[in-house]
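Protein chains: 2
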Amino acid sequence: MRKNLKLGLFGYGTVGQGLYDVLQKTPGIQAEIKRICIKDPEKKRTLPASYFTLHAADLLNDPEINVVVELIDDAEAAYDLVTAAMRKGKAVVTANKKMVAEHLEELYRLQQIYGVPLLYEGAVCASIPILRNLEEYYDNDLLTAVEGIFNGSTNYILTKVFDEGVSFDDALQQAQENGFAETDPSLDLEGWDPKYKLSIILAHAFGVFVPPDQIFHSGIEKLSDFDVKIAKEKGCKIKLVANCKKIGDTVYGWVMPQFVKPDSDLFRVNNEYNAVILEGAFSERQFMVGKGAGGYPTGSAVLSDISALTYDYRYEYKKLNQESRVESSNSGMLEVYVRYSKNNTIEFALFESIAEKFESAETGYVVGRIALAEIRKLCAGQPEINIVQVGPLEGLNSLDKLELAAEYT
Amino acid sequence: MRKNLKLGLFGYGTVGQGLYDVLQKTPGIQAEIKRICIKDPEKKRTLPASYFTLHAADLLNDPEINVVVELIDDAEAAYDLVTAAMRKGKAVVTANKKMVAEHLEELYRLQQIYGVPLLYEGAVCASIPILRNLEEYYDNDLLTAVEGIFNGSTNYILTKVFDEGVSFDDALQQAQENGFAETDPSLDLEGWDPKYKLSIILAHAFGVFVPPDQIFHSGIEKLSDFDVKIAKEKGCKIKLVANCKKIGDTVYGWVMPQFVKPDSDLFRVNNEYNAVILEGAFSERQFMVGKGAGGYPTGSAVLSDISALTYDYRYEYKKLNQESRVESSNSGMLEVYVRYSKNNTIEFALFESIAEKFESAETGYVVGRIALAEIRKLCAGQPEINIVQVGPLEGLNSLDKLELAAEYT
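These protein sequences, in sequence, are chains A and B.
If you're matching positions, the first sequence starts at 1 in the numbering used here and goes up one per residue.
If you're matching positions, the second sequence starts at 1 in the numbering used here and goes up one per residue.
Next comes chain A alone, as it looks inside the complex (with noise of 0.2 Å):
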């Protein structure tokens, strides 16, 4: 039987006010928002004013609210909410990726101890289901990869700027107008947001706790004329990807610009929508294409969590308990390209090998293959050089190489 379900809500944003306006339209459900939370009493509102609380406790100890649903920004006090929540036995439901990535072994574990589900379908891709895909579908497949573009943000500004010709600066004052970029936009910019997302999933996928801070990014936030002239020469498109793959009992996952050709399922993800490929032993290639930014989209995966807490369903984790010699690591090679200014100085030891090289008085570039942790060393305090995946990880063939660049040799 379904349950009937109390809300109380931390936050009215887009999202806060997407999950009401879905909720109002879905007489299905058997929830209802009973108190907000809100931070500034100023701010006008769409809802009478008896819904409106400053004070987090009205909600945590008022025993009738049985779902707490955060939507609030500030992902320290996020955490502070849904533990707090998850400790009065509370089921809960939020979007908050940065918080979930951060802390998603102690959630687990606070899960395990108080007995009490806590739903994040909305913190990844949004309108996509993958979270549930990973833990009721693909439980069974032994999954070797899934990769993908995790963020709406950039994905508008890679889209004006191949697309449309657009510049960089003008394209992300595009993306900012339209909504899809926070003012400040360097966590979408800079791969957090995306690496936030990849953390989750690893858990949920492979059954590991991978912790953003060891899993490796590098955003676009550096992307030059010279990078966007060398990938539309060779009729590619940049596109910010996710990675996560499986080697043996190896995971490997990393976030990084990458040059997709046109027979690329991710070539005509555009916009804010966001992709997920996820390969698997048995059910092979599968591509899942939804918006991946705004308020209905990702109120509608949050009201999803909602629905899904009426059954009582919460993650099982079961990736955790069947693979538990996984384990992660940063030694995976793959081949990428480094361009660099002349104030940088490239430590070209750090290849296994290099492919390319090109310099000009301005700029320079290298092709080669690199690991990961490599990688890292490579870029530490060289604000100027870019990044931009050529070819897959070694053992791995579902990237072709890339011929690069002939002429620039």
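Calculated from the structure, these hints are not laboratory results.
You may find that some hints are simply not true.
Since copy identity is lost for identical chains, a pair holds within one copy or between any two.
[Said to hold, decoys possible] Here are the computed lysine-lysine pairs in the DSS-like style, where the Cα-Cα straight-line distance is at most 30 Å:
(1) K25 <-> K318
(2) K6 <-> K318
(3) K34 <-> K318
The hints should help you fit chain B onto chain A, whose structure is shown.
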């Protein structure tokens, strides 16, 4: 806690053997095949003879077997076996789309009466987890449309014809040689197979039982060089597309070849791949692609159902209760291209309006708006007519209207 499952298999063909392989390599699943019922005792088998029996009763009457997995071709025999197993209180997994589609309302009732689950993810688009997603994830979304390529054989043939310039007959032969088409390919070519899948999807997406014989279908068996030429000149491919759309409380379902433009998601879904597009009010547009045929993709979907049974999963058919007022109808109006030969008599009065007409000594075509029910009348007893969908169902704009053939008018 996971249940320990003892499986009784009916049939040991491609999917049965695929399932056996997948199960062997999936140590996490607490399920083992105890006995396999086969028809042909002479056929060479890859397992010891002790696994096999010719008698259904050896499985049905074995109290240790708690899950029956039905993987035989014959839909009538499958129906007898599946219902007998359910009446004996055994959970059942089947991949038989024809059997499920033709008996779905009864199979739904039997599940309630005998308190046993019946799962059939493998029956619909093999490796794409569409049923589980419709059940679990789109539960609360205001779903408006499901469409896609549900048949791998015809998609393989159409890919050869449109991407490689192979003749229809040669493409069919290649499909048969590669195991993507049956020896008798009419179920696929004429559109029966995707119609069975559509009938099943209608129940899970919109909560309405529509038997296959109430759904309009048209296949690709009459595709001519003239039709291919028309499509190519417009930069289109033809794909066999299954559709269902909900407008108000009415659901329209049909299977029809369709002109697909390069900017459609379906344009690049090729060979034996299947694709599903979901349109919801809040999650907006979702797109899922995966292999729709073959022993491993189907075996993987079947095993996913088996895995779900270890957790006592069952379809809830939530939409059946949520949206009881929904009814299906064939009054929906489509824009279609109807190509005919000089042997045909076209009843032009059946069209609501006609946009284009073309006639030569051998061939003619008309493009016009016509209700699904009237297309059926138009085609009755006229085997040489071929139909391709041009424009969207009235009231929806998920497909753009094609500007067809100025030079042919």
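Do the hints match the structure? See the list:
{"no.": "1", "hint": "K25 <-> K318", "verdict": "between (34 Å within a copy, 16 Å between copies)"}
{"no.": "2", "hint": "K6 <-> K318", "verdict": "both (29 Å within a copy, 21 Å between copies)"}
{"no.": "3", "hint": "K34 <-> K318", "verdict": "between (33 Å within a copy, 25 Å between copies)"}
Checked against the numbered hints given earlier, the structure satisfies every one of them.
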